[in-house]
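Please take these sequences and the hints and turn them into a complete structure.
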Amino acid sequence: MNARLRWRKLLSGFMLSVTGVCAIVAVSVLFFILGYLVFHGGSSINWAFFTKLPTPVGETGGGMANAIVGTAKLLLLAVLVGVPIGFLGAIYLAEFSGNGMIAFVVRYSADLLNGVPSIVIGIFAYTLLVLPFKHFSTIAGGFALGLMMVPITLRSAEEFLRAVPKALREGAMALGASKTRMIATVVVPAAYRGIMTAVLLALARVAGETAPLLFTAFSNRFWSHGWNEPIASLPVMIFTYAIAPYEDWHRQAWAAGLVLLALILIVNIFARAILSRGAAVSR
Amino acid sequence: MATSITTVPGAGPISGSRSFLRKLREGDEIARIITFLFAASVVLVTLILVWELWQGSVLPRHKFGFQFFFTRVWDPIAEDFGALPFIYGTLVTSAVSLLIAVPLGLGAAIFLAELAPQKISDTLQFFIDLLAAVPSVIYGLLGVFIVIPLMREYIQPALKHSLGFLPFFQGPAYGVGFLTAGVVMAIMVIPYIISVSREVLLSVPRDQREAALALGSTRWESTWKVVVPFARTGIMGSIFLALARALGETMAVTMVIGNTPTISASLFSPGYSIAAVIANEFTEATGDVYLQALIELGLVLFLLTFILNGLARLLIVLTSRRGGGMGHA
Amino acid sequence: MKRLTGVLLVVLAVGGIDLAQNALSINGAGATFPYPMYSKWFDEYHKKFSNIQINYQSIGSGGGIKQVTEGTVDFGASDGPMNDDQLKAYQDKHGYPILHFPTVLGADVLTYNIPGISAELNFTPEAISGIFLGKITKWNDPAIAGPNKGVNLPASDIVVVHRSDGSGTTYIWTDYLSKVSPEWKDKVGKGTSVNWPVGLGGKGNEGVSGLVKQTPGSVGYVELIYAIQNNMPYGRVKNSSGAFIKADLAGVTAAAAGAAKEIPDDFRVSITNAPGKTAYPISSFTWLLVPSKFSDSAKRDALKGFVKWMLGDGQNSVEALSYAKLPKEVVAKELKAVDRIQ
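Residue numbers (the working numbering), protein chains in the order written: chain C, 1 to 283; chain Z, 1001 to 1329; chain B, 2001 to 2342.
Hint data in this document are derived by calculation from the structure and do not stem from the laboratory.
No experiment lies behind these values; they were computed from the predicted model shown.
Any given hint could be a false lead.
[Unchecked claim] Calculated cross-link-like contacts (lysine to aspartate or glutamate; reagent style EDC-like; alpha-carbon spacing at most 16 Å):
#1 B:2308 <-> B:2329
#2 C:52 <-> B:2043
#3 B:2088 <-> B:2070
#4 Z:1063 <-> Z:1079
#5 B:2185 <-> Z:1221
#6 B:2187 <-> Z:1080
#7 B:2088 <-> B:2266
#8 B:2047 <-> C:248
#9 B:2246 <-> B:2120
#10 B:2187 <-> Z:1221
#11 B:2333 <-> B:2248
#12 B:2187 <-> Z:1079
#13 C:134 <-> B:2070
#14 B:2185 <-> Z:1075
#15 B:2213 <-> Z:1153
#16 B:2304 <-> B:2339
#17 C:9 <-> Z:1221
#18 C:166 <-> Z:1207
#19 B:2185 <-> B:2266
#20 B:2088 <-> Z:1288
This is the structure we're talking about:
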């Protein structure tokens, strides 16, 4: 074994360990955050937190039941708005258009949309869905969040669709499948895991957003009925409580953060375990 | 590039000889139109957004014109507004965050995709995805309680001591500032880089790696010189996502950047970003010129994103090698 | 896939079920400062009248003014009174005026962090305006040291901390400075957001207090409630009668009482630097913005009832949350004004 080979092997070992360190750093940040939230907010998590409405300062026994339900409803709407546009748009880019001008413009627009500050998206949704109707609503909030999901879903899903090997596509075509059938039964299932990643990442992003909701869904101290009323949500509650002077509310804010993360965790587990068909491309 | 349908003889190319009605019945044309409409709606929404921003900023545009880009003053009482400090802050913090997040994120993605056994890789990825779900407000609060003291007591003095000859690390260290904002943003955008890059790396066909190894490369060489370039466009896509997130981040940044419209080479200096000032002042802004000046800042950010994306894409095209796997702009 | 769609549709339908039983829902938006108080009041009122649900959210005073003008909420709230242009805009849009009702009082205090100094410092208006203008840069400056004989102030730099987000707290602070310093009035002015000559910007009270706590030699302003609830040290301020007052609820109410004699009928008044020996000079009202006409009589009656209750029983619960109650002269005037709501 000559010196150069020894050096290359050393470098290989070193660089690979560096990547390991990177991964550890990334993960430890998360555990640190989780630990901090648990330490500061864990004491506020009790049965009342999940079932009761918020109480004023100084009164115990309150909770964020309406905010938890509210976040769930808003995220549901966001998925209904963002996923079809992102997913179907990605199919268009990956399967029907390729590298033409249209595809370029669509991708560019998605990237631009992604960079718009969340508060501006909120103002935009306010102008479209709140002002004309003269009231705040869950629908407006869901729309704002859904809009924010589109770019991430679109760009990521497109990448994963493209990653499906040509061989699979050609095999389907060779068997006489139409393009639509090929996409629906071969390409999409093969990219399913990646697409799920894209959607979940987008969902996680919007789940923690406060600014777009302030002018659309507003918030609500009481239960919200239907889809047309202002609705409470965990991020807005966190924001409102965290900036208040009272220690009790601070603890509730941390607790709400923990609950939000748990919510996303559950959605992740559910989505991956139950909805995934596991037909991912093998390494 | 379009999928290679035309290379399969006998199946019949989609366009050309088959009649429109036949295509319609097969459903392909409908699928094409429907998916096109959805894709086009993205462009439409973006255009409407720009139009709204344009309409909503008419007063300051007429009052300041192009001077808006170069003025440093931000005075709501005297109604004199300028965007330069905010543009500077946005660019600097995004640059710092990417400089930290991209190597770290790519490294972690490589580890998870190439080295870690499947179960560990999946579990760790799971947790990293959760980082994306942490509300922006909480990142801000953690920045205030943890990162700022850390910066002020340990990291900034250390940097000053060792690299203080560089203009980046001079000046008083308050704890808040460009560097702190960049660090907090880096943590926020890392999940996007890791998540997407890992998936793309995982989907690189096995034979690519094996071919490299068969030719005698070390594990690292096959990864770095073959697999990563193959997945280049996907990784670039993840960086675009990260960049966009960094440019538009509001809550967390405003809690740690110091919120002072200054332009300074030092990373220790407090600063301000476009998204932060809009978030801070929009709800309280009274007076039409003031309000519209904030909207105009939104427009400026849009323009900034436009230019940055364009430059980044140009960079990709210029450094593009042939055979880069799934190539597209 | 089909199963998933089915589940989604069911959830959508369930989410749309209207479980309300004749509840009267009223929405209000505005200032963050009184949010804890208002949420307590509306909760108590809801306990009294279980069919009235008043939902108030703090999106900022400016937000409150905007939304009530647009008509997306039934009432607003603001830490600073609406100016003439805003009043006119409301009148033009709706055809009838909007009324101001002071609800509670608040104050700004000066909090500082000087290593080695634990005493309560005295600040004159000249010292405060000099510090925030950036003209006084060291702690042992004669303007600060003068009223603090016996305290060994260091020769270190002053780091100024102010609010970065637009807020009523800033409005009160700059309103006071504009009154006591012609130079401030000229150079900077008063508003929820100003062009600060010097200093770091912290977001919200917690941003400012966080920065002050962590930065040696710093000084900033926060709401009184915040300082009390978080046990922060704050200094005394010289009022217009020459006494150094440490802010407390009594001093704030005294400031309002001092100004009560000249309070205009529409209640839009600034009470900073108010006359009175015990008055704390950096105090302010916060207002509810109520339209003078309601098309929905149920909403009108509910809000009128609430305002009357707020002026009576409601005032008994404010001090527990560290808000200062309205002086009785102002309460009497307001009770008369409630009838202006048609």
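We went through each hint and held it up to the structure:
1. B:2308 <-> B:2329: Holds, because 15 Å separates the two Cα atoms, which is no more than 16 Å.
2. C:52 <-> B:2043: Within the cut-off at roughly 13 Å; holds.
3. B:2088 <-> B:2070: Roughly 13 Å between the alpha carbons, so the hint for residue 2088 of chain B and residue 2070 of chain B holds.
4. Z:1063 <-> Z:1079: holds (10 Å)
5. B:2185 <-> Z:1221: violated (67 Å)
6. B:2187 <-> Z:1080: Holds, at roughly 13 Å.
7. B:2088 <-> B:2266: holds (14 Å)
8. B:2047 <-> C:248: violated (22 Å)
9. B:2246 <-> B:2120: holds (9 Å)
10. B:2187 <-> Z:1221: Status violated; Cα separation ~63 Å.
11. B:2333 <-> B:2248: Given that 16 Å is the threshold and the Cα spacing comes to 24 Å, the pair is violated.
12. B:2187 <-> Z:1079: holds (13 Å)
13. C:134 <-> B:2070: The hint holds at about 7 Å.
14. B:2185 <-> Z:1075: holds (13 Å)
15. B:2213 <-> Z:1153: holds (14 Å)
16. B:2304 <-> B:2339: holds (8 Å)
17. C:9 <-> Z:1221: Satisfied, since the Cα-Cα distance of roughly 9 Å is no more than 16 Å.
18. C:166 <-> Z:1207: Cα-Cα ~14 Å, so holds.
19. B:2185 <-> B:2266: The hint is violated at about 25 Å.
20. B:2088 <-> Z:1288: holds (14 Å)
Taken one by one, the earlier hints fail for this structure at numbers 5, 8, 10, 11, 19, listed in ascending order.
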